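Enquirer: Take a look at the letters that make up each chain.
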Amino acid sequence: MNDKITMHYQVPADDFTRAGEASSSVKSKLKMMGVKPEIIRKVAIAMYEGEINMVIHASGGTIDVTVSQEEITIVLKDQGPGIEDIDQAMRAGFSTAPDNIRALGFGAGMGLPNMKKYTDELIIDSEIGKGTTVTMKVKLPTD
Amino acid sequence: MIVLELLQDGIFKVLNEGENLDREITVPYCCDLLSIAMGKMPSGAAWVTVMGNVNTLAVAALADAACVILADGISLDEQALNKAKEQGITVLSSDLPIFDAALIIHQKLHA
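Those sequence lines, one after another, are chains P and V.
Heads up, the first sequence is in the working numbering, so the first residue is 92 and it goes up one at a time.
Heads up, the second sequence is in the working numbering, so the first residue is 2 and it goes up one at a time.
Simulated from the structure, these hints should not be mistaken for laboratory data.
Source: prediction; values computed, not measured.
Accuracy of the hints is not assured; some may be wrong.
[As the list claims (entries may be wrong)] Some chain P residues close to chain V (C-beta under 10 angstroms, calculated; not the full set):
hint, residue
1, Phe107
2, Glu112
3, Ser115
4, Met124
5, Pro128
6, Met138
7, Glu140
8, Pro172
9, Ala180
10, Ala183
11, Arg193
12, Gly198
13, Ala199
14, Lys208
For every residue, glycine included, the Cβ atom is placed at its ideal position computed from N, Cα and C.
Please put together the full structure from these sequences, using the hints given.
Expert: See the structure below:
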């Protein structure tokens with residue numbers, strides 16, 4: 092695989108039925124590319140958390156996934172309210188999810204911590220009132 | 002032990018057969034908070050929960066659970082059942098509470 096492979100997804104707002112579709116699609120494409128199951132699992136979990144965050148907090152957004160020989164890069168971009176205090180948002184257990192979201196089983200305050208746990212690099216670029224861009228990288232083993 | 006072996010004594014019923022009846026179970030895992038399950042659930046787990054919505058199924062598929070087991074007589078809503086069928090996720094149910102259901106899986110795994 093010499094060339095980079097790119098995938099682009101639109102995440103719809105407020106639609107929990109469709110949340111996860113982009114992550115599922117990436118999961119099956121990576122499987123077809125022969126990526127190792129443990130790497131696919133990391134990418135799928137980190138991306139789903141990001142996808143859910145966009146649905147809950149930011150009226151949807153876009154996701155771009157790039158697969159190169161060295162790594163898988165996931166860029167989640169939204170035009171939501173932005174994250175006020177990133178350090179606080181990164182803390183396990185901190186959540187601003189509303190009650191209707193908690194009733195679905197979300198809102199444990201583990202979204203960003205999980206994204207950090209399952210990726211090799213996590214960069215959050217957020218501006219209040221403008222939106223948030225999250226870039227995650229998962230390294231591919233060299234063999 | 003594979004998922005199919007859970008069906009032998011009628012404690013667990015099939016809600017959706019899916020593609021994982023022959024999948025090896027690594028461990029029972031109990032949690033109803035999806036993000037915690039996603040962060041902590043080991044691959045190949047038999048995930049025992051009372052959350053039977055579409056998001057549970059998305060998490061099960063993405064975190065690579067062997068199967069979902071709905072405890073306490075909880076069932077899948079129609080939307081979730083469709084999702085399970087679409088994605089080939091194996092979903093079982095039991096009238097037992099979460100702990101008892103997981104304990105049985107644990108005992109079968111270590112029998």
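Enquirer: State for each hint whether it applies.
Expert: Evaluation of the provided hints:
1. Phe107: Result: holds, 6 angstroms to nearest chain V Cβ.
2. Glu112: With a minimum Cβ separation of about 9 angstroms from chain V (threshold 10 angstroms), the hint on Glu112 (chain P) holds.
3. Ser115: holds, 6 angstroms
4. Met124: violated, 17 angstroms
5. Pro128: holds, 7 angstroms
6. Met138: At 8 angstroms from the nearest chain V Cβ, Met138 (chain P) passes the 10 angstroms test, so the hint holds.
7. Glu140: holds, 7 angstroms
8. Pro172: With a closest approach of 20 angstroms, the Pro172 (chain P) hint is violated.
9. Ala180: violated, 13 angstroms
10. Ala183: holds, 9 angstroms
11. Arg193: holds, 9 angstroms
12. Gly198: Hint on Gly198 (chain P): holds, closest Cβ of chain V at ~8 angstroms, below 10 angstroms.
13. Ala199: holds, 4 angstroms
14. Lys208: Given a least distance of 6 angstroms, the restraint on Lys208 (chain P) holds.
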